[in-house]
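In order, the protein sequence lines correspond to chains S and G. In terms of our numbering, the first sequence opens at residue 147 and continues consecutively. In terms of our numbering, the second sequence opens at residue 57 and continues consecutively.
What the hints contain is simulated information worked out from the structure, not anything from laboratory work. Just so it is clear, CB atoms sit at the ideal spot from N, CA and C, and this is done for glycine as well. Treat the hints with care, since some could be wrong.
Calculated lysine to aspartate or glutamate pairs in the EDC-like style (CA-CA distance at most 20 Å, straight line) [what the hints assert, rightly or not]:
hint: 1; chain 1: G; residue 1: K105; chain 2: S; residue 2: E202
hint: 2; chain 1: S; residue 1: K164; chain 2: S; residue 2: E225
hint: 3; chain 1: G; residue 1: K168; chain 2: G; residue 2: E71
hint: 4; chain 1: G; residue 1: K156; chain 2: S; residue 2: E225
hint: 5; chain 1: G; residue 1: K156; chain 2: S; residue 2: E247
hint: 6; chain 1: G; residue 1: K125; chain 2: G; residue 2: D110
hint: 7; chain 1: G; residue 1: K156; chain 2: S; residue 2: D241
hint: 8; chain 1: G; residue 1: K105; chain 2: S; residue 2: D241
hint: 9; chain 1: G; residue 1: K105; chain 2: G; residue 2: E120
hint: 10; chain 1: G; residue 1: K156; chain 2: S; residue 2: E218
hint: 11; chain 1: S; residue 1: K252; chain 2: S; residue 2: E218
hint: 12; chain 1: G; residue 1: K156; chain 2: S; residue 2: E202
hint: 13; chain 1: S; residue 1: K157; chain 2: S; residue 2: E225
hint: 14; chain 1: G; residue 1: K156; chain 2: S; residue 2: D205
hint: 15; chain 1: G; residue 1: K105; chain 2: G; residue 2: D141
hint: 16; chain 1: G; residue 1: K80; chain 2: G; residue 2: E120
hint: 17; chain 1: G; residue 1: K105; chain 2: G; residue 2: E71
hint: 18; chain 1: G; residue 1: K156; chain 2: S; residue 2: D208
hint: 19; chain 1: G; residue 1: K164; chain 2: S; residue 2: D184
hint: 20; chain 1: S; residue 1: K252; chain 2: G; residue 2: D141
hint: 21; chain 1: S; residue 1: K211; chain 2: S; residue 2: E225
hint: 22; chain 1: G; residue 1: K164; chain 2: G; residue 2: D64
What the simulated footprint calls covered on chain G by chain S, stretch by stretch (three residues with Cβ under 8 Å from a Cβ of chain S suffice, anywhere in the stretch; the number is not a length) [claimed, not checked]:
hint: 23; region: 94-106
hint: 24; region: 158-167
Derived contacts from chain G toward chain S, CB cut-off under 10 Å, selection only [to be verified]:
hint: 25; residue: F146
hint: 26; residue: S150
hint: 27; residue: Y152
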Amino acid sequence: EAAVTQSPRNKVAVTGGKVTLSCNQTNNHNNMYWYRQDTGHGLRLIHYSYGAGSTEKGDIPDGYKASRPSQENFSLILELATPSQTSVYFCASGDRGRGTEVFFGKGTRLTVV
Amino acid sequence: AQSVTQPDARVTVSEGASLQLRCKYSYFGTPYLFWYVQYPRQGLQLLLKYYPGDPVVQGVNGFEAEFSKSNSSFHLRKASVHWSDWAVYFCAVSNYGNEKITFGAGTKLTIKP
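Build out the structure end to end from the sequences listed, making use of the hints.
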């Protein structure tokens, strides 16, 4: 069964601090994604990756970095967290190709105080 | 740039009534379209997906969607809703290689007893 695991599930961070959100997938998918979900905006794409070593900017990359050290792992890094980055973050993975299904993790609730 | 608009932020229907959730997309070329559902405190799960071909697509749990190129729409329908359908529904469009998937803002469905 396709599995995407995010850690931590909940995080409280201080303004100006560094936050790393981790994602692991056991699907052997090439593509991985980071989204944030906010009321009224739905899911917005932050960064995505085609495979190990690649990261690409999504629609709202400012203030975020990403790292894909292996096929299985994709991290989202907030170097200097701000309260506006308080949100629920979702990681997902999917195969490369025409309209294939994307599998989501259960989300990480991040609060920046 | 690709985009998805879900014009109804909230929809309320009575249990047993029919349902239509609206989705309009913008995409240059042949779109690959999806409906995902999000139950409380969970990630998104695929309901159905459209590949170029038959405009009516069947999904899980009695859901179906109809693609219209002339209207740039991909509306979701169900003949008779159940209380377990209470969730948030997202429409999405992906590019050819599935590297970039764009979601709408979502429609929150509430079921009246």
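Those earlier numbered hints the structure runs against, lowest number first:
Failing hints, ascending: 1, 4, 17.
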